[in-house]
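Going by our numbering, the first sequence opens with residue 4, and the numbers climb by one from there.
If you're looking for bench data, these hints aren't it; they were derived computationally from the structure.
Computed from a predicted model, the values in this text were never measured in an experiment.
Careful: at least some of the hints might be erroneous.
What the hints assert, rightly or not - Distance ranges between label pairs, derived from CB positions: (1) D260 <-> D122: 18 to 24 Å; (2) H196 <-> R51: 33 to 39 Å; (3) Y123 <-> D260: 36 to 42 Å; (4) N210 <-> G86: 37 to 43 Å.
To be verified - Calculated lysine-lysine pairs in the PhoX-like style (CA-CA distance at most 20 Å, straight line): (5) K44 <-> K141; (6) K231 <-> K141; (7) K63 <-> K44; (8) K120 <-> K39; (9) K259 <-> K231; (10) K63 <-> K39.
Note that CB positions come from ideal geometry on N, CA and C, so glycine has one too.
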Amino acid sequence: MRIATYNVNSVHARLPSLLRWLQETTPDIVCLQELKTPQEKFPESAIRDAGYGVIWHGQKSYNGVAILTRGCEPTEVRRVLPGDPEDLHSRYIEAVVRDVTIGCLYLPNGNPAPGPKFDYKLRWLERLTLHAAELVGKDSPVILAGDYNVIPTEKDVYKPERWINDALFRVETREAFNRLVAQGWTDAVRHLHPEATIYTFWDYFRNSYGRDAGLRIDHHLLNAAAFKRLDRAGVDRDVRGWERASDHAPTWIDLKD
DNA sequence: ATGCCGTGGAAACCACGA
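Using the sequences and the accompanying hints, generate a full structural model.
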């Protein structure tokens, strides 16, 4: 079973690439972020015609998350991260697919840091950690997949020294991410490729993709039941080189059946 | 060190992303 996450940076602009990638790689579960569309304008029929059931939580202009499931319907569990009724950003949606619980998340960027946006990022990460504590001990597989906007270690950025004060790499961010992982989660891509240079994002400018000046910020966190079934993991990095690409590439894991 | 690019939405620029 392949479970992928892909920040599309507008589901409308990316629809041709998204459909091509779905057809070529046939992932079983797909988490999308940055839909950048109101709820009613999501391209539901194009996704269904491609063979996927889908739930989504849209928002005008910004954010937006979706879960796609090949050949079946996802059962929605929630479409809001608990803990702050005043937070109206569409950044979290959770579903059950067969025996797998999947949380699809788009963590706030947090720049500039310090400042209110950075405070919001850290609060959101704390809320995610509280919610994750409720999920990590389940006997069935749980995967928290998405754009974390967190560079976990120096291995995960082309020039760490340039990112020290950035919200994605600040000490507070990495420590908060480490506290989440320490509940008992496994960073699947890093676990299977402990030494490799692996990126999931390349800026649009300065020829970042051509220079391979990237970041690894899209992650799958697995609870113990999911980790037991972990088989492979990777990044479809060639998708970043397609015409009109997102600045992120699809990232995936394979679980044994 | 930087928004140089890309997207949406409103407005002929600005917010936002990472």
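Pairwise beta carbon distance, N210 to G86, judged against the given window 37 to 43 Å: holds (40 Å)
Hint consistency between K63 and K39 [alpha-carbon to alpha-carbon, up to 20 Å]: holds (6 Å)
Satisfaction of hint between K39 and K120, Cα-Cα up to 20 Å: Holds, at about 19 Å.
Satisfaction of hint between K141 and K231, Cα-Cα up to 20 Å: holds (13 Å)
Straight-line alpha-carbon gap K63 to K44, limit 20 Å: Holds - the C-alpha atoms of K44 and K63 are around 9 Å apart, at most 20 Å.
H196 paired with R51, Cβ distance criterion 33 to 39 Å: Check passed, 34 Å falls within 33 to 39 Å.
Distance restraint evaluation - D260, D122, Cβ atoms, bounds 18 to 24 Å: Cβ of D260 to Cβ of D122: about 43 Å, so the range 18 to 24 Å is violated.
Pair hint outcome, K259 versus K231 [Cα-Cα no greater than 20 Å]: With Cα atoms ~9 Å apart, K259 and K231 stay inside 20 Å; holds.
Restraint status (C-alpha distance of K44 to K141 at most 20 Å): violated (35 Å)
Beta-carbon spacing of Y123 to D260 - inside the hinted bounds 36 to 42 Å or not: Hint holds: Cβ distance 40 Å, inside 36 to 42 Å.
When the structure is compared with the earlier hints, violations turn up for hints 1, 5 and for no others.
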